[in-house]
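Novice: Next come the chains, spelled out residue by residue.
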Amino acid sequence: MNRPLPRPPWLSQLLIRVTAPSDDRRAILGDLDEEFAVRARTVSVAAARMWYRRQVMASVVPNVTLRIRKRRRRMTRRRGDGIMQTVFQDVRYAFRSFRRQWAFSFVIVGTLALGIGANTVVYSVVDGVILNPFPFPEPDRLVGVGTEWPRLSRELEFWEVLSPPEYVDVKAQSQTLEHVVMWDMGYRAASVGTEPPEVLFSGFWFDDAFPTLDMPPVIGRGFTREELERGDRVAIISHRHWQSRLGGDPNVIGRAMYVEGEPYTLIGVMPPRGLIYAMDLWIPIGASPDRWSRNRRQMQILARIAPGYSLEEVNTELAAIAGRIEQEYASQYEEYRGWRMQALEWTDANVRMIKPAAFALMGAVAFVLLIVCTNIANLLLARSSSRRREVAVRCALGAGRSRIIRQLLTESVLLALIGGAIGVVLTYVAVPVILASIPISLPIALDVNVNPRVLAFTAAVSIAAGLVFGLVPAWQAARSDLQSALKVETGGTTGGQRHGLQRVFVGAEFAVALALLVQAGLMVNSFVRLQNVDPGFDTSNTLTMRLTLPFSRYPNTEARRTFFMQLVERIEQLRGVRLAGAGNQYPPEVFSRNRFGVEGEAYESEEALPTAFFTLVTDGYHEVLGIPLLRGRTFTDQDTPNTPYVAVINEVAERRYFPDGNAIGRRFKTGGTDSDGPWVTIVGVVGAVHNRGVDTPPQPEFFGNSRQFPGGNQMYVVVRTERDPRAVLPAVQQTVAAMDPDQSVYAVRTLDDAFQEQIAPRRTGTLALAGFALFALGLAGAGIYSVVSFGVGERKREIGLRIALGASSNAVRRLVVRQAMIPVAIGGAVGLIGALLMSRAMAGFLFEVNGADPLTIGIVAAVLAAFAVVASYLPARRASGLDPVVALRDQG
Amino acid sequence: MAKGKFLGEFEQVVLLAVARRGDDAYGARIRQEVEDRTGRGVAVGAIYSTLDRLVAKRYLSFRDGETSPDRGGRPKRYFRLQPSGVTALETARRILDRMWEGVRLPGSASR
Numbered sequence: 000m001n002r003p004l005p006r007p008p009w010l011s012q013l014l015i016r017v018t019a020p021s022d023d024r025r026a027i028l029g030d031l032d033e034e035f036a037v038r039a040r041t042v043s044v045a046a047a048r049m050w051y052r053r054q055v056m057a058s059v060v061p062n063v064t065l066r067i068r069k070r071r072r073r074m075t076r077r078r079g080d081g082i083m084q085t086v087f088q089d090v091r092y093a094f095r096s097f098r099r100q101w102a103f104s105f106v107i108v109g110t111l112a113l114g115i116g117a118n119t120v121v122y123s124v125v126d127g128v129i130l131n132p133f134p135f136p137e138p139d140r141l142v143g144v145g146t147e148w149p150r151l152s153r154e155l156e157f158w159e160v161l162s163p164p165e166y167v168d169v170k171a172q173s174q175t176l177e178h179v180v181m182w183d184m185g186y187r188a189a190s191v192g193t194e195p196p197e198v199l200f201s202g203f204w205f206d207d208a209f210p211t212l213d214m215p216p217v218i219g220r221g222f223t224r225e226e227l228e229r230g231d232r233v234a235i236i237s238h239r240h241w242q243s244r245l246g247g248d249p250n251v252i253g254r255a256m257y258v259e260g261e262p263y264t265l266i267g268v269m270p271p272r273g274l275i276y277a278m279d280l281w282i283p284i285g286a287s288p289d290r291w292s293r294n295r296r297q298m299q300i301l302a303r304i305a306p307g308y309s310l311e312e313v314n315t316e317l318a319a320i321a322g323r324i325e326q327e328y329a330s331q332y333e334e335y336r337g338w339r340m341q342a343l344e345w346t347d348a349n350v351r352m353i354k355p356a357a358f359a360l361m362g363a364v365a366f367v368l369l370i371v372c373t374n375i376a377n378l379l380l381a382r383s384s385s386r387r388r389e390v391a392v393r394c395a396l397g398a399g400r401s402r403i404i405r406q407l408l409t410e411s412v413l414l415a416l417i418g419g420a421i422g423v424v425l426t427y428v429a430v431p432v433i434l435a436s437i438p439i440s441l442p443i444a445l446d447v448n449v450n451p452r453v454l455a456f457t458a459a460v461s462i463a464a465g466l467v468f469g470l471v472p473a474w475q476a477a478r479s480d481l482q483s484a485l486k487v488e489t490g491g492t493t494g495g496q497r498h499g500l501q502r503v504f505v506g507a508e509f510a511v512a513l514a515l516l517v518q519a520g521l522m523v524n525s526f527v528r529l530q531n532v533d534p535g536f537d538t539s540n541t542l543t544m545r546l547t548l549p550f551s552r553y554p555n556t557e558a559r560r561t562f563f564m565q566l567v568e569r570i571e572q573l574r575g576v577r578l579a580g581a582g583n584q585y586p587p588e589v590f591s592r593n594r595f596g597v598e599g600e601a602y603e604s605e606e607a608l609p610t611a612f613f614t615l616v617t618d619g620y621h622e623v624l625g626i627p628l629l630r631g632r633t634f635t636d637q638d639t640p641n642t643p644y645v646a647v648i649n650e651v652a653e654r655r656y657f658p659d660g661n662a663i664g665r666r667f668k669t670g671g672t673d674s675d676g677p678w679v680t681i682v683g684v685v686g687a688v689h690n691r692g693v694d695t696p697p698q699p700e701f702f703g704n705s706r707q708f709p710g711g712n713q714m715y716v717v718v719r720t721e722r723d724p725r726a727v728l729p730a731v732q733q734t735v736a737a738m739d740p741d742q743s744v745y746a747v748r749t750l751d752d753a754f755q756e757q758i759a760p761r762r763t764g765t766l767a768l769a770g771f772a773l774f775a776l777g778l779a780g781a782g783i784y785s786v787v788s789f790g791v792g793e794r795k796r797e798i799g800l801r802i803a804l805g806a807s808s809n810a811v812r813r814l815v816v817r818q819a820m821i822p823v824a825i826g827g828a829v830g831l832i833g834a835l836l837m838s839r840a841m842a843g844f845l846f847e848v849n850g851a852d853p854l855t856i857g858i859v860a861a862v863l864a865a866f867a868v869v870a871s872y873l874p875a876r877r878a879s880g881l882d883p884v885v886a887l888r889d890q891g
Numbered sequence: 000m001a002k003g004k005f006l007g008e009f010e011q012v013v014l015l016a017v018a019r020r021g022d023d024a025y026g027a028r029i030r031q032e033v034e035d036r037t038g039r040g041v042a043v044g045a046i047y048s049t050l051d052r053l054v055a056k057r058y059l060s061f062r063d064g065e066t067s068p069d070r071g072g073r074p075k076r077y078f079r080l081q082p083s084g085v086t087a088l089e090t091a092r093r094i095l096d097r098m099w100e101g102v103r104l105p106g107s108a109s110r
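So the protein sequences, as listed, match chains A and B. Just so we're aligned: the first sequence equals residues 0 to 891 in numbering that gives the first Met the number 0. Just so we're aligned: the second sequence equals residues 0 to 110 in numbering that gives the first Met the number 0.
I should point out that these hints are in silico values taken from the structure, not numbers from a laboratory. Worth double-checking, as some hints may not be accurate.
[Unchecked claim] Beta-carbon label-pair distances, calculated as ranges:
id : chain 1 : residue 1 : chain 2 : residue 2 : range
1  : B       : F5        : A       : V86       : 35 to 41 angstroms
2  : B       : F5        : A       : R478      : 51 to 57 angstroms
3  : B       : T37       : A       : R478      : 55 to 61 angstroms
4  : B       : D35       : A       : S21       : 45 to 51 angstroms
[As the list claims (entries may be wrong)] Computed footprint of chain A on chain B; a stretch qualifies when at least three of its residues, placed anywhere within it, have a C-beta under 8 angstroms from a C-beta of chain A:
id : segment
5  : 9-15
6  : 26-39
Just so it is clear, CB atoms sit at the ideal spot from N, CA and C, and this is done for glycine as well.
The shape of chain A in the complex, shown without the other chains (with noise of 0.2 angstroms):
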């Protein structure tokens, strides 16, 4: 043994390193040699030299299959479960990443959780209001018919736009409906049991509404055909009344009801949020629909999309029953000439009106979180300084390009998960906030809630921001020059390019901040200038209300018009009321029009008379309202229906059919000259008011005297009070039980609030535009305030030196300032650019205010360049205060 070890031939060891799989290298190596010197010590060292060769030559073609197996059955594990496995990996790794740089994850988690909160809230309210407003099955089969007359000049409608002998046509003819119903609407006073009555909502049917809802009753049933065709006296009560009044009492099926007195058996109860335009009771109408006269269209008609067939097919064939009446009743009834019928998804005929504010709505809040991944991603590129050595470390250990893009995105993706979620707890608490403070009036039972849609929508919009924040700064990291990065950190060529990035991201930060600013700016100009708008009279102080008489206790004109006098004389004497009148409408919500025709004028035809609002009031009405008189006189105890009958009209009325000015002495008919009605003679011409909203110009209105024109069973009551309006509604109620024990108002509302419910929906709008605005622009400060205390950061030994050499501080301040300004300049441009093609989409929200409004766009962008300075400013005071020897000395 004191010979020295003899070595086994070193070139089939080579052969054996080269073969064998790394894992049993070390083995088969160690069993060659061990074998080697044994047979070398027993045998003679050329017989062990001999064996060892022929040995590797004979493990060669092993070893390489050896080899191959193993790598094969390495990738087969690394594809199976090895790709949740990295995945577990990263989310762990990242995990600790966040609890590391906890300050840094909570701002990122934060802002995320506002900005994806933001767009949840909305969404959420988009998807309860314009996505999925009915519970109904197959919304997109269910239909309303609306209709077009260009002789009455009317756009498409959907409200109270058809006849019963019509509704008979569509039944009769259609294939491509089935379930047509039709109902008419209007107020009753209902009670189940003792309750005190109710004034409810309510639809009276011609049919049995639940098949084509496609939905049951949640108890109880619906009409039947006979029911429906005897007029029986049975009802329906909504859900939401079910619960609210009756406490959800199942066992209320078959119990009395009471609707205008009359006793009525309780069938059936809707189903949850199976309201159609918030109706709470549906009764028989209890009449045969080709009883009606043709032109009393005052109906609405729903129905099903039979299977097999499209909307359009529908549409077609509506065409063609509107042309075969057109020709069968045109000489009857001209308005057919031109008419349209349409279907159009029920859904849309009730949100048609705000599908746009919601949208318009909905991409600002994209925005606001495009801005919010801008800002985190400008952050983690200047967290990816710190994290540079990280990064190579892994790199140097083996790992790839993409597994440490995957790894970056994880974390990305994860912060945004975390921060949705968040979102999703700020939805839930903030939803119900929002929408108590948002009177909207819909025709749909109001469902906003965080359900798997809003849900799936959230973590969807959670992914899509991680990655589009996470993208360049991983990319970025990914790759960076592993060897420089591995030194001793300085600010190499990667910081640079790393930096313009950031500026990059700043200008498109400013550019989208400025872009929304203008839009909230112009909006709230536009709000400003509404509620600035006077309504042509005094709205304070005044209580309106509605009273509904029953025709089966006041059948005859004389009767009513006997009721409504003595009331509004009786509130007058109460103590608090300075004036009372009554109106069949009042301002800001005339609907109801006539056409006329003025004598002496000559019109080709019927449908070419002018068409004005057209408003019963009592005498005095005007004197409540605080219409200004004009010219002439209004009405008087002295108009009767045995003296000619008189009118008072609008100085807008008198502007475009009297432009000469004559009006007062003038005569007219409704209807046309050539009516059977008398002839009115003008008496008097007042003021105009904002009658149909502050946002439109004060229609032609002309106004009739009750005591003189048939009136309906409906009035509104207006009182003009000494103080609180509210205060006398107590005493005018007990005036209405004095006279009539079943009667109530409802519908009650101040003057003033009538007017701010208005635009209170605009209010909404611009409020949520201008806070989204406002975080837009708080989150474009926070980027560039980062950026340039980054910038400031890398750049100490120059600022440094710069001081050394004498720089004043001021001049390292305007420096550092000028410089930061360069991006916010380019990005304010372009967003400039952007606002105003954003202003185009805006127009219809507007009012009185251009687009492109000068003054708005200079306050904006005055605004967003003093607040661009004063963030940069900051840092930028830091920089001028710089020690430069410690700068210098610094290697950062």
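Use these hints to put chain B onto chain A, whose structure you have.
Specialist: For chain B alone, coordinates are given in the frame of chain A:
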């Protein structure tokens, strides 16, 4: 288990060599055992390739143990028979026994 239900002949031989060697069953010993018992030269690479397959089938487990001066500091890799490996050997033997039962091969003196 994996590749059919039958153990290959060489797999069987290697498994038995591991069983015979007991606590001393490492690469070189296994190879020698096979060579001694079969009387045929066997390459170390072939042994490791088969051992790997048997490990993959979970008939064997292995651990790296101590080294010795002759091995140049490289550890010995010890293999140990697993219960499933025992079962596989017993099954193989039973099959062979049953196949051999009453077989008379033409021109053969044995059995």
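Novice: Each hint: holds or not?
Specialist: Results of checking the hints against the structure:
Under the hint 35 to 41 angstroms, the C-beta atoms of B/F5 and A/V86, about 40 angstroms apart, fit the expected range. Between B/F5 and A/R478 the C-beta distance comes to about 54 angstroms, which sits within the given range of 51 to 57 angstroms. Under the hint 55 to 61 angstroms, the C-beta atoms of B/T37 and A/R478, about 58 angstroms apart, fit the expected range. One distance hint, 45 to 51 angstroms for the beta-carbon pair B/D35 and A/S21, is violated here, with the actual separation near 30 angstroms.
Chain A is given as covering the segment 9-15 of chain B, and this is violated because 0 residues of the stretch bring a CB closer than 8 angstroms to a CB of that chain, at least three being needed. Beta-carbon proximity to chain A at under 8 angstroms applies to 4 residues in the segment 26-39 of chain B; the threshold of 3 is reached and the given coverage holds.
The structure fails hints 4, 5 (numbered hints given earlier, in ascending order).
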